[in-house]
Structures are given as structure tokens and as C-alpha cells.
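Trainee: Sequence:
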Amino acid sequence: MRQNRTNIEQALSGGIPQSQNAGGYPSRQGANGYQPRQNGTQDAEFDALVQELAAMYQDGRMPEGFDLQQAAGDPALMELIQEYGAEAGVRIYAAEQRAKQAEQSAMQRVSAQVRSRNAMPRSSRGGSTTASAPSYRNMSSEAFRELLQQMKKTARDGGRTRL
Numbered sequence: 001m002r003q004n005r006t007n008i009e010q011a012l013s014g015g016i017p018q019s020q021n022a023g024g025y026p027s028r029q030g031a032n033g034y035q036p037r038q039n040g041t042q043d044a045e046f047d048a049l050v051q052e053l054a055a056m057y058q059d060g061r062m063p064e065g066f067d068l069q070q071a072a073g074d075p076a077l078m079e080l081i082q083e084y085g086a087e088a089g090v091r092i093y094a095a096e097q098r099a100k101q102a103e104q105s106a107m108q109r110v111s112a113q114v115r116s117r118n119a120m121p122r123s124s125r126g127g128s129t130t131a132s133a134p135s136y137r138n139m140s141s142e143a144f145r146e147l148l149q150q151m152k153k154t155a156r157d158g159g160r161t162r163l
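Each step along the sequence shown adds one to the number in my numbering, with nothing skipped, and position 9 is 9.
Fair warning: there could be bad hints in the mix.
Said to hold, decoys possible - If you anchor each label on the Cβ, the simulated ranges turn out as follows:
#, residue 1, residue 2, range
1, R115, D67, 28 to 34 Å
2, A143, A112, 50 to 56 Å
3, A88, S111, 30 to 36 Å
4, Q108, A143, 54 to 60 Å
5, G85, A106, 57 to 63 Å
6, S116, R137, 41 to 47 Å
7, E79, Q101, 18 to 24 Å
8, R117, E87, 24 to 30 Å
9, G85, Q113, 40 to 46 Å
10, A143, M107, 35 to 41 Å
11, A143, S116, 27 to 33 Å
12, Q69, A106, 25 to 31 Å
13, S111, E79, 29 to 35 Å
Calculated directly from the structure, the hints in this document are not laboratory data. No residue lacks a Cβ here, since even glycine has one placed at the ideal position from N, Cα and C.
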């Protein structure tokens, strides 16, 4: 299979020429004028695959944004083509690549969100609120007397009072 993948890459390198046959329609020869091998070791399945891929490319049946030259080097595409046929294999491969890109994009968005949240300032108190210290100067006389009575009671009971 490695040999076939390399041959497909070579056959498809440089793009698909738009040569025309006698009827004025694009010819069905493969990429770069790829013709089936004429020596004794013909691989009919491989030749048919290259022909079908070239025909799909020329007819515009490739998925939008699909880079056939890049994909030809991926063994996953070859496995899908062998299992499902050229057209279905290419479409499945393109869908898997789009899903992979969407997943990576989502991961990047989440990671950026986490980074932005970590950049926000945090309280050093750990989120607990503490009462502010009483202002003895602005206290009414009555409130001050109550505070003194409470402090005396705490002192009689053996407790410590912090001001």
C-alpha cells in the first residue's frame, strides 16, 4: 500500500491538466496525463483508483476546500477509499478532517477562555468577607457605653478583647 500511496502522490502532483478530447470535453486521463502502466506488472485496481480520482477532480466532485495532493499522503484516506470506494472515501475523509479542525478550534477557544479567566485579579482573602473595624470616633455615646460594658463582661469572664 505504501508503494501505491507514493505512486498516487506522484501521479497527482502538479495538479490535474484540463486537456480536452476530440468532443471538446475534458479528457478522462489522470493527473498530469497519467496513463496506466504498460509494463507487465499492471495494477488494475490502482490505475482505476487514479483514474476515478482524476475524473472526480476534473468534474468538480471533490468536497469544497479539499486538497487532494495533501490527502494523498495520508494512509487514512487510502484505507477509506479501499473500504468505501473513491468518492465516498474522499467525502468521509474530508468530513473527518473538518471535524478534527472544529475540535481543535473549540479546544483553542476553551483554552483562551481559561487563560483570560486566570488573568483576572483575585482576592487574597479567599472570598470570605470580614466585618470592617468599628469607628470609635463616629460612634454614638450610647453605642460606645454598650461596647465598654461588653468589653468589661468579656474581661470578667477571662476572655481577651481586641480593638
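Trainee: Which earlier hints turn out false for this structure, listed by number in ascending order?
Mentor: 5, 8, 10 and 11
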